[in-house]
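A.B. asks: Here is what each chain is made of, one letter per residue.
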Amino acid sequence: MLRKAVELAGFCIRCGFCEPVCPTISAFRNSPVYGPRGRILLLREIYRGEFPLNERIRDSYYSCLNCKACYEVCPAEVDVGEISSEMRKLIQLKGLAHVLSYIVRDVFRLYGNPLGVKVSNNEISKILPRRGKYTLFTGQLYQLMGYADGISSILNLLRRHPSLLNVSTRSGLSSIFLKLKGASYEFIEPILCISRLLKDKDVAYDPNADLYSGIFLYDLGFEEVFSEHVKKVFNELKERRVTRVVTIDPHTTYALLSLYPRYVEGFDIDVTYYLELLDDLNLKVVGEVSVAYQEPCYLVRHLGLAGVRSVLEGVKGLSLGKVKASCCGGPIEYLYPERSRAIAKTRATELSASEKDLFITACPVCMSNFRKIALDPLDISLFIYRNLS
Amino acid sequence: MKEETVKEASRIVGWNNVLLAPEELVPFKYDASEFKGELPSIVVMPENEEQVSELMALSYDKEIPVVLRGGGSSLTGASIPAFPNTMVISFSNMVKIHEVSIIDSYVSVEAGVRLDDLNAYLSQYGYMFPPDPASSAVATVGGCIAGNSGGMRGAKFGQVKNWVLGLNAVLPGGDIIRVGGKTLKIRQGLDLVSLIVGSEGILAAVTSAYLKIWPAPEKIARILAYYDDLSYLMQAVTKLRESKLAPLVMEFLGEGLLDAVRRVYGDVIEAKGRNLLLIDIDGPEEALRRYVDKAIEALENEGLILYKIPETPEEMERAYLARRAAFPSSLKVRKKPSERVLVSDIVVPPSKLIPTIREIEAAIDRSGLRAPIGGHVGDGNIHSDIFYDEEDEGEKRRAWRLLEEMAEIAIKYGGSVSAEHGIGLEKKELLKKEMKSKGSLKALEIMREIKKIFDPKNLLNPGKVI
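Note that the protein sequences, when read in sequence, are chains A and B. Once you know that position 82 of the first sequence is 82 in the numbering used here, the rest is easy, because the numbers rise by one and skip nothing. Once you know that position 335 of the second sequence is 335 in the numbering used here, the rest is easy, because the numbers rise by one and skip nothing.
Among these hints, one or two may not hold up.
As the list claims (entries may be wrong) - Estimated spans, in silico, between C-beta atoms of each pair:
hint : chain 1 : residue 1 : chain 2 : residue 2 : range
1    : B       : G181      : A       : Y47       : 49 to 59 Å
2    : A       : L281      : B       : L184      : 50 to 60 Å
3    : B       : K161      : A       : T349      : 27 to 37 Å
4    : B       : W400      : A       : K94       : 32 to 42 Å
No lab work stands behind these hints, which were simulated from the structure alone. Backbone N, C-alpha and C define an ideal beta-carbon position, used for all residues, glycine too.
Isolated chain A (complex conformation):
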């Protein structure tokens, strides 16, 4: 893994072009080791044996958002998100990851999702038929993000009482997650809207085929657990004769399109992001509406899907600022909540989010993180559903 990471960093010439665009450096006190160039420089020192592979290096790599902002400006096309992923795998294998990460893994092993909650999808089944050309695959991310407030209070409790984080009490802690109350409706509503939008598109729903994608496990560096899980998901889909899935959020779409083929030999399921099926939208707004749009980095940078922006740009009367895509900070909220909120605040300022008539996003992670700084973005699906002419 270390060697692979070094190889990925191979062509870096240390020019530093990546630093001004990286959202984490400024959130981590302008310390460059929490930015792309610093991550590479530290990695090379570790590889050469000049810096010890110990707990100190953890935060440099776990703080990376994998937003690809650095990749976009890198003259040598170095992908520091990939490098950080490799380093996280190594760090967790060495037992150097944060104890909260291991809790997530343990809960996942017991309950099939990182929160150990029971996700109910009955409402979707009431909207979509059981059989169709496509099968809706939510990957449960919207549903799980609906528990974000509950998770935050538990994590705050753990931070107030660090003794609870003792490794020997991990299994006990796992059960705390089970006490989470139901998911907030703001995260369920988009799924229902999307289901309604897809009703006439030959899209079916099979609740038993709609499993958690495993993306958080991958993000935390648990490659083996992720690898086992994705094979299970694939087998489940195959068993139910699903050949085409429709995804609804950027992270699940990324997992299925970019990661599953790496870990499942012969992965042959066709993956379509739901907006690609909605090419005949005719949206209308009343009067002039200014919009701040938080373009999800996984959607545009990882997957090259600029469809949401095109949907919004095509609406008459709607003015959309040309602010470049940048991460909301959400992917690191679990381990670094304060830093994550600092990134969200910076991003909200860049977007002038509170000064616009509407603040829209297309990602449950973005939605959750902006809610933590008292903003309330509207999911794109709701905007579409409400403004269909």
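Got chain A; can you put chain B on it based on the hints?
C.D. replies: Quick look at chain B alone, frame taken from chain A:
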């Protein structure tokens, strides 16, 4: 570093603005050069001039070397510690743009403001800060002042030194000096502004500056002219200079760079022609056609293969990006990660470009290395990216020798070993060679004496430049 010193430095800037953990200090051993510095003992990130002053006083009192850090994009090792037990002062927290005055033609900025951010700010007024080093996205005002940076617009606007009206700076010991001012003309005895600009952080810590600003070009016409034979391209450069046109940009891409660029920008870069001359001419719309005709007249000689004038804004932007991407594009065609690059930065009078380039090409051939050339020919500045395998000691030696040879060629034709990247650690010996060849070793002595006056204990960026 003693604990009490760390405590004192932390008291000055606040604990939140101190980096002490070893992993956080590692990035400060490096910049964009090929050098590796020493691990600093502490990095401090002051928020204002008073804090910089207190830190410099502390350094002086405790005799701790100080290195100043902006964007860390130096190509010569100017921003890394050459000695252990160093305190790095990073300007990442000093990023305020204090004021802009269109009537008085200045902007007042703190040292940590990045050039692209400054120009984005000025663009709302229809103005710009003209020097545009290729690293403008990451380079800071303080770093560019220390390095006296140039860039593509150097042909018309020169270097940073032409655009600094006044400086606020802190001396070793903590004294604050304010030299120059916010006026377009000034006489203040000996010109300390000019002395500090380009001093690569060995004389004083610049905390903020009054920079002269200029109206953004009203309209630009871009011409791409292709030549197989480099002599004809250089002949065109000479003619352009004689034409009194003063192009905004006059850039040359040699064969190796042009090939690399073609792979990505084949839509705007023609397939024919081994070398490219890119020219930007600015002016009012009604005069621009006349300027372009005049430029084409200068470009036309028997070596001209063809020329193109991009018409749509998109085509113009793509052609500009292609030039900007020349260095990055050449990086992408490296064979393996251990292949590194040394960037040569010589300058000669533009009238000497033809023999200079001929000799450089011969030197590259002799070296057996890949070293594509290009540069800002409008002001006689030639860059060459010398590629070598760092795992091959012989190749590494040849690369450094080639860098030296190019510098010697520049000296021979009345030029200099560095145009805009500076001396740093990289060109100390070459600077000596240049001054010796000019019979001016005394000038180096004077520089050393000046350094002693500013910095009697040799604490500020020691080991660099002289």
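A.B. asks: Each hint needs a verdict: does it hold in this structure or not?
C.D. replies: Going through the hints against the structure:
| no. | hint | verdict |
| --- | --- | --- |
| 1 | B:G181 with A:Y47: 49 to 59 Å | 51 Å, holds |
| 2 | A:L281 with B:L184: 50 to 60 Å | 57 Å, holds |
| 3 | B:K161 with A:T349: 27 to 37 Å | 35 Å, holds |
| 4 | B:W400 with A:K94: 32 to 42 Å | 39 Å, holds |
Of the numbered hints listed earlier, not one is contradicted by the structure.
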